[in-house]
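Engineer: Below, each chain spelled out in residue letters.
Number of protein chains: 2
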Amino acid sequence: MAGQDIEKLVKLVSKLPSLGTRSARRIVLNLLKKRENLFLPLIEAMQNVANNVKTCEICGNYDTCSPCSICASELRENGTICVVQDVADLWAMERVSFFKGKYHVLGGILSALDGVTPEDLNIEPLLERIGKENVKEVILALPATVDGQITAHYLVSRLKDFEVKVSTLAQGIPMGAELDYMDEGTLQLALNSRKAL
Amino acid sequence: MAGQDIEKLVKLVSKLPSLGTRSARRIVLNLLKKRENLFLPLIEAMQNVANNVKTCEICGNYDTCSPCSICASELRENGTICVVQDVADLWAMERVSFFKGKYHVLGGILSALDGVTPEDLNIEPLLERIGKENVKEVILALPATVDGQITAHYLVSRLKDFEVKVSTLAQGIPMGAELDYMDEGTLQLALNSRKAL
Numbered sequence: 001m002a003g004q005d006i007e008k009l010v011k012l013v014s015k016l017p018s019l020g021t022r023s024a025r026r027i028v029l030n031l032l033k034k035r036e037n038l039f040l041p042l043i044e045a046m047q048n049v050a051n052n053v054k055t056c057e058i059c060g061n062y063d064t065c066s067p068c069s070i071c072a073s074e075l076r077e078n079g080t081i082c083v084v085q086d087v088a089d090l091w092a093m094e095r096v097s098f099f100k101g102k103y104h105v106l107g108g109i110l111s112a113l114d115g116v117t118p119e120d121l122n123i124e125p126l127l128e129r130i131g132k133e134n135v136k137e138v139i140l141a142l143p144a145t146v147d148g149q150i151t152a153h154y155l156v157s158r159l160k161d162f163e164v165k166v167s168t169l170a171q172g173i174p175m176g177a178e179l180d181y182m183d184e185g186t187l188q189l190a191l192n193s194r195k196a197l
Numbered sequence: 001m002a003g004q005d006i007e008k009l010v011k012l013v014s015k016l017p018s019l020g021t022r023s024a025r026r027i028v029l030n031l032l033k034k035r036e037n038l039f040l041p042l043i044e045a046m047q048n049v050a051n052n053v054k055t056c057e058i059c060g061n062y063d064t065c066s067p068c069s070i071c072a073s074e075l076r077e078n079g080t081i082c083v084v085q086d087v088a089d090l091w092a093m094e095r096v097s098f099f100k101g102k103y104h105v106l107g108g109i110l111s112a113l114d115g116v117t118p119e120d121l122n123i124e125p126l127l128e129r130i131g132k133e134n135v136k137e138v139i140l141a142l143p144a145t146v147d148g149q150i151t152a153h154y155l156v157s158r159l160k161d162f163e164v165k166v167s168t169l170a171q172g173i174p175m176g177a178e179l180d181y182m183d184e185g186t187l188q189l190a191l192n193s194r195k196a197l
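Protein chains in written order, with the numbering used here: chain A, 1 to 197; chain B, 1 to 197.
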C-alpha cells in the first residue's frame, strides 16, 4: 500500500550491491524525509554522472572526459602501466597517491567458473598501448586469488614478445597485522619471500 | 582521481542509511556498469517519487495522492485507528494485510534523550480525527522500548477524555522462537501475561 512509484523505487534500490529489500525501504523512507537536503541533490548528482561520465578510450577508467584525466595528465609517467581488474582497484591505488604511472583496466579477470575468457577482457588494447606509448614496465596489480594468479600468468605469456619488464605487487603480511591472526598460506608465502636485512 | 561528479555522487550515496564510503563507491561503480538496466531506470524512478509522492494530510502516510489510498479507501473500516511511529511501521503492518482499519503516523516517539516532546509529534491531528471520524478504538502499535511505552502512556492520558477504547499490541514470545534464546525481560513479560487455555 505504498504507492506503485515507491514500490518500484524500492525494488530498484534493492538491486544495488550490498542492499536488500529491507535496507532499500529504509533508504527510500529516508530520502522522502530528507527531500531537500538529500533526495533532490542525489537525483541531480546521479543525472550529472549519467550524462557526463564516460569510459576512457585508452585505459578504461571512468571520467567526465575521454581520455581520462590520468591518461591526459602530463604529470604522469608514460613508461609504466599498472594493470588492474576494475575501476574500483584503480581508485584504491589512486587513494594511496604513490603510483605515478598510468593504468589499464582489464574489466575483470579470467575465471573458468564464471566463463570469463581472454576475449572478454580488455587485453588486446593493453598490448597495443605497449608499443604505442613506449612502455618500459607493466605492473600487475591483480587480486591475490587463484583467478588473479591465472590472469597474471596469462598476461605474462602474452607480454613475453614485448621488450617490457613485468612485475606484480608484493605479497606478504599486511602492515599492522599480528602473526597470530594471519592465515597459513600468507605466513608460508611471507616466509618464502623473506627479505634480507 | 575519479572525476568531481563521481566523487560528489559517492559522497551523497554514503549519507544513505546503512551505507558507508566503501559501499557507496561499489554502488556507484555498479550503476556505471549497468547504465541502461539500472542507472537510468533508477534515476527515473527517483524522479517519479520525488515529483509525485506526498505526505497524506490525514494520516501522514506517503502516497501519490492525498488523502492516501488507505484513508480514501471505502474498504477500510473507519472506526479503528492504528497509531504507528513511522511510515516504515505502517508498511510493516500492511505487509501482514490483516488490519482493516486506518492508520495514524506519529512521526516519531517521545524521547528525553533526543529531546522529542509531544509538540514534535503528530498528536493533535490524531485527537481531532477521533471526533471527526467517529473512532471507536485506537490501537497503539508503538515500539516495545522504554520510549515507546512512555509515548503509549502519554497517548493514553490524552485519549482519556474521548469515548474511545485504547489498546496496544500484545507482547510476548515471537512465533517460532526458542525459549532458550529469549531475553529474561520477554520471558517475564510472557509469564505475567499468560493466557488461560
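Honestly, I wouldn't trust all of these hints.
[Said to hold, decoys possible] Calculated lysine-lysine pairs in the DSS-like style (CA-CA distance at most 30 angstroms, straight line): (1) A/Lys11 with A/Lys100; (2) B/Lys34 with A/Lys34; (3) A/Lys54 with B/Lys33; (4) B/Lys195 with B/Lys132; (5) B/Lys136 with A/Lys34; (6) A/Lys8 with B/Lys11; (7) B/Lys15 with A/Lys11; (8) A/Lys11 with B/Lys195; (9) A/Lys15 with B/Lys136; (10) B/Lys15 with A/Lys8; (11) A/Lys11 with B/Lys160; (12) B/Lys132 with A/Lys54; (13) B/Lys195 with A/Lys33; (14) B/Lys15 with A/Lys34; (15) A/Lys195 with A/Lys160; (16) B/Lys132 with A/Lys33; (17) B/Lys136 with A/Lys54; (18) B/Lys54 with A/Lys33; (19) A/Lys33 with B/Lys8; (20) B/Lys132 with A/Lys11; (21) B/Lys34 with A/Lys33; (22) B/Lys195 with A/Lys34; (23) B/Lys136 with A/Lys8; (24) B/Lys11 with A/Lys15; (25) A/Lys54 with B/Lys195; (26) A/Lys34 with B/Lys160.
[Said to hold, decoys possible] For the chain B half of the interface with chain A, some residues (derived, Cβ under 8 angstroms), not all of them: (27) Ile6; (28) Arg25; (29) Leu187.
Quick caveat, the hints were computed from the structure, so don't treat them as lab data. Quick caveat: nothing in here was measured; it's all calculated off a predicted structure. All C-beta atoms in this analysis are idealised placements derived from N, C-alpha and C, irrespective of residue type, glycine included.
Engineer: Give a verdict on every hint.
Structural biologist: Comparing the hints with the structure gives:
1. A/Lys11 with A/Lys100: Not OK: A/Lys11 and A/Lys100 at ~42 angstroms, beyond 30 angstroms, violated.
2. B/Lys34 with A/Lys34: holds (27 angstroms)
3. A/Lys54 with B/Lys33: Holds, at about 11 angstroms.
4. B/Lys195 with B/Lys132: Violated: B/Lys195 and B/Lys132 sit about 36 angstroms apart, past 30 angstroms.
5. B/Lys136 with A/Lys34: Violated: B/Lys136 and A/Lys34 sit about 35 angstroms apart, past 30 angstroms.
6. A/Lys8 with B/Lys11: Between A/Lys8 and B/Lys11 the Cα gap is close to 24 angstroms, so the pair holds against 30 angstroms.
7. B/Lys15 with A/Lys11: holds (20 angstroms)
8. A/Lys11 with B/Lys195: violated (41 angstroms)
9. A/Lys15 with B/Lys136: Given that 30 angstroms is the threshold and the Cα spacing comes to 43 angstroms, the pair is violated.
10. B/Lys15 with A/Lys8: holds (22 angstroms)
11. A/Lys11 with B/Lys160: Distance of about 42 angstroms is beyond 30 angstroms: violated.
12. B/Lys132 with A/Lys54: violated (57 angstroms)
13. B/Lys195 with A/Lys33: violated (41 angstroms)
14. B/Lys15 with A/Lys34: holds (11 angstroms)
15. A/Lys195 with A/Lys160: holds (27 angstroms)
16. B/Lys132 with A/Lys33: Measuring from Cα to Cα gives roughly 28 angstroms; hence the hint holds.
17. B/Lys136 with A/Lys54: With a Cα-Cα distance of about 60 angstroms, the restraint between B/Lys136 and A/Lys54 is violated, given a limit of 30 angstroms.
18. B/Lys54 with A/Lys33: It holds: about 11 angstroms lies between the C-alpha atoms, which stays within 30 angstroms.
19. A/Lys33 with B/Lys8: Answer holds: A/Lys33 to B/Lys8 is near 21 angstroms, not above 30 angstroms.
20. B/Lys132 with A/Lys11: Given pair B/Lys132, A/Lys11 is violated - Cα atoms ~37 angstroms apart, limit 30 angstroms.
21. B/Lys34 with A/Lys33: holds (28 angstroms)
22. B/Lys195 with A/Lys34: violated (44 angstroms)
23. B/Lys136 with A/Lys8: Violated, because 35 angstroms separates the two Cα atoms, which is more than 30 angstroms.
24. B/Lys11 with A/Lys15: Roughly 20 angstroms between the alpha carbons, so the hint for B/Lys11 and A/Lys15 holds.
25. A/Lys54 with B/Lys195: violated (65 angstroms)
26. A/Lys34 with B/Lys160: Violated - the C-alpha atoms of B/Lys160 and A/Lys34 are around 35 angstroms apart, more than 30 angstroms.
27. Ile6: holds (6 angstroms)
28. Arg25: holds (6 angstroms)
29. Leu187: This hint is violated: B/Leu187 lies away from chain A, its Cβ roughly 27 angstroms from the closest one there, beyond 8 angstroms.
Consistency note: the structure conflicts with the earlier hints numbered 1, 4, 5, 8, 9, 11, 12, 13, 17, 20, 22, 23, 25, 26 and 29.
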